[in-house]
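Asker: One letter stands for each residue in the lines below.
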Amino acid sequence: MNILHTIGEYALLMRRLFQKPEKFSVYWKQLIHELDKIGVQSIGIVALLSIFMGGVITLQTASNIDSAWIPAYTIGFATRQSVILEFSPTLISLILAGKVGSNIASEIGTMRISEQIDALDIMGVNSAAYLILPKVIASLIIFPFLIIISMFLGMLAGGFFGSAAGLISMVDYIYGIQFEFKMFSVIYALAKTFVFAFIITTVSSYFGYYTRGGALQVGEASTKAVVYSSIYILMANYVLTQLLLL
Amino acid sequence: MIEVRNIHKAFNGKQVLNDVSITFDQGKVNFIIGRSGSGKSVLTKCIVGLIEPDEGDVSYDGLSFTLMNNKEKQEIRKKIGMLFQGSALFDSLSVVKNVMFPLDMFTNLSEKEKLEKAMQTLERVELADSANLLPASLSGGMMKRVGIARALSMNPKFLFCDEPNSGLDPQTSIIIDNLIKDLTYELNITTVVISHDLNSVIEIGDRINFIHEGRVAWKGDREGIVKADSQSLNDFVFASNLMKKIL
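Chains as they are written, first to last, in the working numbering: chain A, 1 to 246; chain B, 1001 to 1247.
Isolated chain B, as found in the complex:
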């Protein structure tokens, strides 16, 4: 479980996050949704420690991440897997080497054991056949799946997915969504998805947190999202004509 309490963050006097408090539950797909520029990415970077919040606290399984020293933070980070918007695969390494990278860095497994584990993870995301390809030769969906495989290679307790469907066609998006959902339930991990793809939210979102102008404007589940009494959330959800027709 991840708890975010009273996070504030400003850049050059502009308040980007204003008293944000959210709890992300274990074994659930937790969504952070909101318009572009609403503060989703800054919040995520505060949670994973890439940005220091001005005020507030983030804790992982009850341990305050904000108060930890660098060494303690590194230990927590080994339990975090992250899928980046652009996948952030290492260009110079093949698919299997990308997945093996955290194992190379943090385990004392033999080369054979690392390769076996990486191949198992690649099989789980159905990319074992592409193990020796370089990231440049992969499609967008394949890159996302390799990103997920790399994030899972160290058996994380916390999985962050930043815009997992951006740039993907609807069918591939569904594959990625289902993969995230299945892995969350299978491995009983705390998954946090940052997205503005409402289709994903409706399909796999267990807990939804809507951020508007740096504040949590609404929290609830996917059933509640269409009946919410938040004007900003309604504006967001029903901005597309398709959503108006469906919902």
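Bound-form chain A, shown alone:
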């Protein structure tokens, strides 16, 4: 019953979300603000994680390939496949679920308990659309860019760390990165990113929007937002991989 209630509440929230905005110019300003908050302010952490993630993948792949029969460029190839197919779209999305998701849930939750959402409703503003829609659109626009930055930096750092450690020459690494490259891998990764972006923003907004109580409940909403977003990302990852790759 509880699950059905939650699904129903989420569906009703989504219905309110996609109603016609009261005034496009106000929503546009909100969208620009959210693009900065969700996207631009996440570039630092995405870059840092991607650099070390790419480096570690290269080192681990190299350390597990000690056969003379396996060409050196395989390290670059394996790094590229790992970064594009899984690490950048999924791992970075999980990190963003933590950073962006908890921020959204606590922001909207605080607005709920301090009656700011009631104030919007009484003014005649569709509070769900005003607060959540710009976040959803901003994340759908900006997450793919973050993931592309992550892919680029991850592969670049892999080559740098691999050659600095003397495990692979830069020439072999670049050859491996280009070896049998299929554009569909990137499309698949970006398709996953779109879905993950929608999950992170809507699930986190749901927990924030229906917060009841005080500061303790805002904290709980924030934790639930991260936990459930992460679970749904992993479930969606499995389904999308089954549908798109196999």
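Don't take every hint at face value.
List time: in silico DSBU-like cross-link candidates among lysine-lysine, alpha-carbon distance up to 35 Å [unchecked claim]:
{"hint": "1", "chain 1": "A", "residue 1": "Lys29", "chain 2": "B", "residue 2": "Lys1078"}
{"hint": "2", "chain 1": "B", "residue 1": "Lys1097", "chain 2": "A", "residue 2": "Lys29"}
{"hint": "3", "chain 1": "A", "residue 1": "Lys224", "chain 2": "A", "residue 2": "Lys99"}
It should be emphasised that the hints constitute simulated quantities derived from the structure, not laboratory data.
Based on the hints, put chain B in the right spot on chain A.
Answerer: Chain B alone, transformed into the frame defined by chain A:
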């Protein structure tokens, strides 16, 4: 004028409002008073449409709010201003932007016109000097005044004030009370104040509705409140030693 007719509301089987009927007059400061947990806030939320009543009807100037669709309700809500207990100012917006918010959302005024109107409203609540401050840097009384300014920015016909004096010192409370009273008479609006501050009731209350255990236990004016023959109202009014001495 706002009319509330036969409102019933229960939560998880517990009856919170039981056949509540009240008329709030235009150009008057109408009070809803009662002990904590008596149903004042639930009644207010039913009136403004934040909670759907189980039974009964609310009408604004003769138009049934309960029977309206969402679009029609939104139109009525544009005529409602509300001051919340905690002020409910938008944290990320400055004072002037808070006041301008409803104008941004619902009018096609130019940026200059909106700013002028917001500044006029802030001047009316004597906060023009604080226009660029963020809510976090305001005192409790200032936040209430910004809340009133925001509520007034769309020239409302109906003003709701939920516990306008909670957390304020007696002197600031008097300033807020006088502001509410003056604005009600000046703008000829229907004002509904939800409070348990008897000082405010005695100072500015034109019509008083006492809610006890989800029912309207007494209605009258401020002169009648001390002579009421309602035991629950007497218990409420004379609970404080100060009120016993004064009255």
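Asker: Now tell me, hint by hint, if it's right for this structure.
Answerer: These are the hints, each one checked on the structure:
1. A:Lys29 / B:Lys1078: 22 Å, holds
2. B:Lys1097 / A:Lys29: 13 Å, holds
3. A:Lys224 / A:Lys99: 13 Å, holds
Every hint, counting from the list given before, is met by this structure.
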